[in-house]
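Chemist: As you go down the protein sequences, you meet chains A and B in turn. Each step along the first sequence adds one to the number in full-length UniProt numbering, with nothing skipped, and position 394 is 394. Each step along the second sequence adds one to the number in full-length UniProt numbering, with nothing skipped, and position 191 is 191.
Keep in mind the hints are simulated off the structure, nothing from the lab. Wrong hints could be hidden among the right ones.
It does not matter which identical chain is used: a pair holds within one copy or between any two.
[As the list claims (entries may be wrong)] Below 20 Å or equal to it, Euclidean Cα-Cα: the simulated SDA-like pairs (lysine to any residue) are:
1) 156 <-> 259
2) 156 <-> 102
3) 265 <-> 306
4) 156 <-> 431
5) 265 <-> 333
6) 156 <-> 386
7) 265 <-> 320
8) 156 <-> 127
9) 156 <-> 182
10) 156 <-> 10
11) 156 <-> 103
12) 156 <-> 214
13) 265 <-> 334
14) 156 <-> 218
15) 265 <-> 121
16) 156 <-> 101
Chain residues, written in single-letter form:
There are 2 protein chains.
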Amino acid sequence: MSATVVDDLRRVLPAEVLVTDPDVIAGYSHDDAEWAPWQPAAAVVRPRDAAQVQAVVRACLATGTPVVPRGAGTGLSGAANATAGSVVVAFDAMDAILRIDPAERLAVVQPGVVNDRLRAACAEQGLWYPPDPASSPWSTIGGNVATNAGGVCCVKYGVTRDYVLALELVNGLGELVRVGRTTAKGVAGYDLCSLLVGAEGTLGVVTEVTVRLRPARAPEHTVVGYFDSVTAAGAAVAEVGRAGVTPSALELVDRRCLEAVDAWKNMGLTAEAEVLLLGRVDAPGAAGEAEADALVGCFERGGASWAARSADAEEADALFAARRLAYPALERLGPVLTEDVCVPVGAVPEMLTRITAIAARHHTVVANIAHAGDGNLHPLLITPAGDEAARNRAQAAFAEIIDGCLELGGTVSGEHGVGLLKLPGLAREQSPAVQAMQRAVKQALDPHGILNPGKAIV
Amino acid sequence: MSATVVDDLRRVLPAEVLVTDPDVIAGYSHDDAEWAPWQPAAAVVRPRDAAQVQAVVRACLATGTPVVPRGAGTGLSGAANATAGSVVVAFDAMDAILRIDPAERLAVVQPGVVNDRLRAACAEQGLWYPPDPASSPWSTIGGNVATNAGGVCCVKYGVTRDYVLALELVNGLGELVRVGRTTAKGVAGYDLCSLLVGAEGTLGVVTEVTVRLRPARAPEHTVVGYFDSVTAAGAAVAEVGRAGVTPSALELVDRRCLEAVDAWKNMGLTAEAEVLLLGRVDAPGAAGEAEADALVGCFERGGASWAARSADAEEADALFAARRLAYPALERLGPVLTEDVCVPVGAVPEMLTRITAIAARHHTVVANIAHAGDGNLHPLLITPAGDEAARNRAQAAFAEIIDGCLELGGTVSGEHGVGLLKLPGLAREQSPAVQAMQRAVKQALDPHGILNPGKAIV
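Chain A on its own, in the form it takes in the complex (with noise of 0.2 Å):
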């Protein structure tokens, strides 16, 4: 099969797009994912434009095979990862930013255009594209609409869904269409638009993105938390909740990150405490500093041993560097398999609490970052690299954190996606009628199921 579809992508492409190489095939057929399988995709093809890739879709249609699309393959859950014979769309070479519009506040971008690449052409013109995940050097896009990635400022600015207003792409039939909209409000048909967004390429092979944008923000006033214990930090989250401020940031970072960032950067963070909060939040002017002191007032009835505005904004950036780093610099101390489970906000410090347990059971090492004002938990169970029985301890610690987390009514995924690493955890979330409604609409958009084949649903 895959020699066929290859011959038939020689035919119908030219030859600087299509990858034979195997050494180059190999770095394009998986993700970020630790222990996600995968095999080395039959080919890659790195498209120019939309037609091409409704090249590739039609001559793999016209022999059965898997299509896998992908970004910069900074997924965690291995949505990206081939199999043998498939052939992967990469998008590294549709790149461009087609249109920033500051009337209408959309851009329209091909999905290969890397998120801060978007953001810094944005905030020129005095706009900003919220969805910041902390792939967000790295990550395209694309990848962002497959996995309908979140970030550090949904807790109040939402996730990539909400900024999608339309997407053009390759369905499962092999044609180019547009679904969604360009003006600000639409209910014209079924929300097409947002079905494909976090489908993970199974449903249509996206080929050019239009996103809503916001004015630029004020700047952010930022405070810092220290605590004794994942569980009091869990307990100053909820404070936030409870008390009517809407933070712009609210992130965890546990001791375990911040020794993994200084042992690789050397940035001199390590605190004297367990856990970090570092809160942020962007009201303009009075209302703003007054939303700082509502957040420190949080963090104190949480129980902090201390917590502060920042004075020093070099520093407060620092901080959230390093939260961005903490997943990088984990990975250099061993595979790191990452969490992803989302819970109640009030059921964050029952949740942390439980995966200390949990790792402590199964002798697993776990550091935790968290978008914690969004219950949104990414426990890091980091494995000595080659020690098979630390990888058996870490999966059954990674499943026990599953069943703590639908226990306390959360769900698998909160921005990571299903890809392969969820699938297991999906099945006991859904019913099974909603697995049923699931594969039907699978079956109705992708009816020879070449796309991106079993992924994201059960």
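Once you've looked at the hints, dock chain B against the given chain A.
Modeler: Below, chain B without anything else, positioned relative to chain A:
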């Protein structure tokens, strides 16, 4: 068929929830859309709980009977209109607010809860449910979900879909299922919840709604501008888009609307201007004052004959009340055909100019209200009762307004939905391939075609 289903319903439902009185049925068999066709249903069911809704859907499945869910019937597109032999499910008796949770900032309600009642209950706890359609004193959350209702505050705070976290529904197989989540974030599987919102009951019959809430916001400032033409007012709206201000309301009301409200309510509103723009801003403290001043500047640059911050809260509230009352006030003058086109904000002046020209060309009286800041225009076409020629002229004008909107890159429905009235417009807005994708989704989730058939998609 209908005799059979009514017999079946009698067997499975308590007598008091089944309505077979033809006069009562007639009142429940249509919404508020002028000239959208309807026929009396075979029966109306007023269920008390989800199990009864499920019993209705199962009885209808057994006999292939269409199920038409309805809220308060304030819809303006015919989405709740019955066909002969169908069964209407009216949610008036399922109007409980089940839970308001300040810590998680969510509410769980039955579909029949009236929008304003939910908003008032939330306000008592310092919380805010933003979506505020003009129908909010009467329309229900279930109806708002079915139509993805918008309103005055959408320009800053989004529409109903942005606030729906989870739904319980009876699906096309008669199963009672839950979709969505109760956490702040979540990407577990396809977003069936967003897909259901705005689907006009064609993909499931919603029996419970979980909505996201916001903390109560700062008091608003109101800015009023008088303009000599809708075109000038449209230019001011485009100025707001360019200025980087995000108003919490930006409404256009023309003299004809104000006169109709005055004639009805004697509020003494009619101004020395052809068109009013009513803006509101709600940034807290001094930032709000600055936003209000910026809005005055935009109005003046747009060509206002007079623009100022309203110093009189009562007057400001009266102006917004007039905007809300414009539709019922105009209905007193004769049948009103309501348009709902939405165009890019920069195209608002051009679209308003075209509407004026189209009205003149077809000798049709058009009053204008608009969520101008969203580009969502509601020209109201008024005809003398019983005047068939006037009605034909109004319908021709309606079609031309849709032409103009599509030429300007707009959508045929900003917030009222497709229902029946916008089916021809939708067929022109969407490509055949997208129409086929929508039909495939419908077929997937309603394989027996009983859920409000003939609405929402083409």
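Chemist: Compare the structure with each hint and give your call.
Modeler: The hints, checked one at a time:
1. 156 <-> 259: neither (29 Å within a copy, 41 Å between copies)
2. 156 <-> 102: between (22 Å within a copy, 16 Å between copies)
3. 265 <-> 306: Neither, since 25 Å and 59 Å both go past 20 Å.
4. 156 <-> 431: Neither: 30 Å inside a chain and 36 Å across chains, both beyond 20 Å.
5. 265 <-> 333: Classified as within: same-chain Cα gap 14 Å, cross-chain 73 Å, threshold 20 Å.
6. 156 <-> 386: neither (41 Å within a copy, 52 Å between copies)
7. 265 <-> 320: For residue 265 and residue 320, the Cα distance is within 20 Å only inside one copy (14 Å; across copies 57 Å).
8. 156 <-> 127: both (17 Å within a copy, 15 Å between copies)
9. 156 <-> 182: For residue 156 and residue 182, the Cα distance is within 20 Å only across copies (16 Å; inside one copy 24 Å).
10. 156 <-> 10: For residue 156 and residue 10, neither the intra-copy (47 Å) nor the inter-copy (49 Å) Cα distance is at most 20 Å.
11. 156 <-> 103: between (23 Å within a copy, 15 Å between copies)
12. 156 <-> 214: both (13 Å within a copy, 10 Å between copies)
13. 265 <-> 334: within (17 Å within a copy, 73 Å between copies)
14. 156 <-> 218: both (14 Å within a copy, 16 Å between copies)
15. 265 <-> 121: neither (28 Å within a copy, 51 Å between copies)
16. 156 <-> 101: between (24 Å within a copy, 18 Å between copies)
Hint check: violations occur at hints 1, 3, 4, 6, 10, 15; the rest are consistent with the structure.
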